[in-house]
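> First residue of the sequence shown: 3, per the numbering used here; consecutive thereafter.
Treat the hints with caution; some may be incorrect.
The calculated lysine-lysine pairs, modelled on DSS-like cross-linking and capped at a C-alpha distance of 27 Å, are [claimed, not checked]:
{"hint": "1", "residue 1": "K91", "residue 2": "K141"}
{"hint": "2", "residue 1": "K153", "residue 2": "K120"}
{"hint": "3", "residue 1": "K109", "residue 2": "K83"}
{"hint": "4", "residue 1": "K112", "residue 2": "K83"}
{"hint": "5", "residue 1": "K120", "residue 2": "K91"}
{"hint": "6", "residue 1": "K153", "residue 2": "K109"}
{"hint": "7", "residue 1": "K109", "residue 2": "K141"}
Label pairs and their in silico Cβ distance ranges [stated by the list, open to error]:
{"hint": "8", "residue 1": "N92", "residue 2": "I122", "range": "35 to 43 Å"}
{"hint": "9", "residue 1": "I94", "residue 2": "D68", "range": "19 to 27 Å"}
{"hint": "10", "residue 1": "K153", "residue 2": "Q6", "range": "35 to 43 Å"}
{"hint": "11", "residue 1": "D68", "residue 2": "T117", "range": "15 to 23 Å"}
{"hint": "12", "residue 1": "K153", "residue 2": "S82", "range": "43 to 51 Å"}
{"hint": "13", "residue 1": "N35", "residue 2": "Q11", "range": "23 to 31 Å"}
{"hint": "14", "residue 1": "Y33", "residue 2": "A133", "range": "33 to 41 Å"}
{"hint": "15", "residue 1": "K112", "residue 2": "K91", "range": "23 to 31 Å"}
{"hint": "16", "residue 1": "H80", "residue 2": "P134", "range": "18 to 26 Å"}
Since the hints were made in silico from the structure, they are not lab data.
Remember, predicted model here, so these are calculated numbers, not experimental data.
Every residue gets a Cβ at the ideal spot worked out from N, C-alpha and C, and that includes glycine.
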Amino acid sequence: LLNQVFKTQEQPNFRELTTLRLLTPIWEVLYENMESRLQQGQPVKRDLNASRLQMMMSFIHSHYADQIQLDDIADFAHVSKNTCMQIFKNGIRQSPISYLIQYRLKKAAKLLAATEMKVITISEQCGFHDAPYFCRKFKEVYGISPIEYRKNNL
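The whole structure should be built from the sequences, with the hints applied where relevant.
The following block contains the structure:
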C-alpha cells in the first residue's frame, strides 16, 4: 500500500485524492494492530487515540463535500460521539465539526482564488448547502466576504 502511495506521487492528476484513498486502509491496519496490542495489556491508549484522530481526519478530508455529521465521523473510527469529541479536543484542540467547517472553508478559499466558479457553486462543492451560512462562516474566518477574497487573490 505504501508503494502505491509513492507511485501516485509521480502521477500528475488526482494525487491528493488517490493518496487519501490509499491511506485509509493503512490506517485501518494500524488501528487493528493497536487493538491487538491493547488486548495484550500494552499501554497504547495515546497511540490508539492518535491513530483514531488520523482516521477521522482522513475521513473528513475524503468526505468534506458530503453531508457528514458527527455520527459519521465517530462511526468511521468505531468510537462513540463523546469519545470522538474528546479525541479531537485532546489532539487538535478543536471539535470535529469545527475542524470539518475549517477544512471546507480552506478548500473553498482555494477554489475562490483559482477559479471563476460562482460562490454558490463553490459553497455546494465544499459541503455547504446554505450559501448565506457559507458566506457568514467564510467572513468569520477570513475577515472578508468570499467575493472580496476572490478579488484580493486573483
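> Evaluate each hint against the coordinates.
Hints and how they fare:
1. K91 to K141: The given pair, whose Cα atoms are some 24 Å apart, holds under the 27 Å limit.
2. K153 to K120: holds, 13 Å
3. K109 to K83: Measuring from Cα to Cα gives roughly 25 Å; hence the hint holds.
4. K112 to K83: Measuring from Cα to Cα gives roughly 30 Å; hence the hint is violated.
5. K120 to K91: violated, 34 Å
6. K153 to K109: holds, 17 Å
7. K109 to K141: holds, 15 Å
8. N92 to I122: 35 to 43 Å: holds, 37 Å
9. I94 to D68: 19 to 27 Å: holds, 21 Å
10. K153 to Q6: 35 to 43 Å: Given about 41 Å between the Cβ atoms, the range holds.
11. D68 to T117: 15 to 23 Å: holds, 21 Å
12. K153 to S82: 43 to 51 Å: holds, 45 Å
13. N35 to Q11: 23 to 31 Å: holds, 25 Å
14. Y33 to A133: 33 to 41 Å: holds, 37 Å
15. K112 to K91: 23 to 31 Å: holds, 27 Å
16. H80 to P134: 18 to 26 Å: Since H80 and P134 have Cβ atoms about 36 Å apart, the given range 18 to 26 Å is violated.
Checked against the numbered hints given earlier, the structure breaks hints 4, 5, 16 and satisfies all the rest.
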